Amino acid sequence: MEFHQPGSWSEALQIKAAHPEATPIAGGTDVMVEINLDHRRPSEIIDLTRVRELTEWGMDDGMLRIGAGVTYTRLIDELGDRLPGLAIASRTVGSPQIRNRGTVGGNLGTASPAGDAHPPLLAADALVELASTSGSRRVPVREFFTGPKRSAMRGDELIAAFLIESAQGPQQFSKVGTRNAMVIAVCSFAIALDGGRRRVGTGIGSAGPTPIRATEAEEFMQGVLEDENLWDRQTEVGDSALTRFGELVALAARPIDDVRGTAAYRRHALAVLARRCFTWAWDEFRR
Amino acid sequence: MNIRCTVNGEAREARDVWAGESLLYVLRERFGLYGSKNACEQGECGSCSVYLDGALVCSCLVLGGQANGREVVTIEGLHGDKVQQAFVEAGAVQCGFCTPGLIVATHDLLRRVPHPTDAQIREALSGNICRCTGYAKIIDAVHMAAR
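Each protein sequence line maps, in turn, to chains A and B. So in the working numbering, spot 57 of the first sequence is number 57, and the numbers just go up one at a time. So in the working numbering, spot 133 of the second sequence is number 420, and the numbers just go up one at a time.
The following block holds chain A by itself, in its conformation from the complex (with noise of 0.2 Å):
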């Protein structure tokens, strides 16, 4: 196994160029995971935590940029007043150890379905920035996932950052486990309300083979909103309405039976989740 450890950006581009298997490595709570476990044995590794780039995060174009190499107590502390869901999500994310070290650049590259960070990028309709030597490029994160453990990101590129608006309306997360911590989903939505475009966006972990937008139920729900006029009324959404908005994320999801839980547990769960979700949001915005 050979270690790599670029100093910069630009060093460790060049390093994925050439060596196009080799795994990179941030703060370590998957890779290492393999590597102790003996499930994998990487002939290659690229330490990033010493690109200073990636730990950073500004302003881009409106949008928020932030580096893969930023981690979840980071993320909590600096921009959980601007990203609630994200910061909702990181919160359930191990442990304060785990939180210390992972980031969400990490959990792309890990592209788990079970992800906590999805759902919450899916809802917010946000971008992951692809590095190479050759250039970067921005892939919506809804085109990102590709498969189980799979995504659109090719072998000489590296996770620059993600991109993201500071919420436009609120937002929510939530997600079932066995207990509050170190849990890997069960299943877990997220949602996130923008006003002034009138949108609800949706995400769905844990319960297919990537993390899915619910985009019927999406689109049912701006309807009820858009019809009704509660936008603007600001007032309750009606039981039945909420009651199809959880079936529609639901069918959206196509959970599995595993060791976790059962498909079908998902699917019901997923309802609550997501009626619960929508709930604490609206009532949010209406206040």
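To be clear, the hints were calculated from the coordinates, so they are not data collected in a lab. These numbers come from a predicted model, not from an experiment. The reader is advised that the hints may include incorrect statements.
Below, in silico cross-link-like pairs of lysine to any residue (SDA-like), each with a Cα-Cα straight-line distance of 25 Å or less [to be verified]:
#1 K149/A <-> Q329/B
#2 K424/B <-> R179/A
#3 K424/B <-> T178/A
#4 K149/A <-> G307/B
#5 K149/A <-> K369/B
#6 K149/A <-> M431/B
#7 K369/B <-> M431/B
#8 K424/B <-> N180/A
#9 K424/B <-> A181/A
We have chain A already, so just place chain B on it with the hints.
Then chain B, alone, in the frame of chain A:
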């Protein structure tokens, strides 16, 4: 490869390290610091908790090379600390395997939150698993250390 880092204020060096070794392995097997415990090797149990450049981390999830040039503080570096004493006095130890990790994690909590509530303690120690005590006396010990 060689790893040079500062451990508990002392410059240390490990030679001919396999690139896949974790910081935990380096601490225990190269430096003879057996306080940090090796249990789950996947960040689930917190028994290997140390400070890396001042941040509480699971040393099993840090690749040895990532600690190059960094500052590590292990349970040995907290010898005689008030948290250690509180764990003794409260009887927060049974088999003792999880205790080093819990003391480091408690030390980190009290730096950030000098007088934590029960809920804050539970959250801060949620990544440290104890299979003996049922946690009641551990929480007592944290309150005792915070006094």
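Checked hints:
no. : hint              : in the structure
1   : K149/A <-> Q329/B : holds, 18 Å
2   : K424/B <-> R179/A : holds, 21 Å
3   : K424/B <-> T178/A : holds, 24 Å
4   : K149/A <-> G307/B : holds, 22 Å
5   : K149/A <-> K369/B : violated, 45 Å
6   : K149/A <-> M431/B : violated, 45 Å
7   : K369/B <-> M431/B : holds, 9 Å
8   : K424/B <-> N180/A : holds, 21 Å
9   : K424/B <-> A181/A : holds, 20 Å
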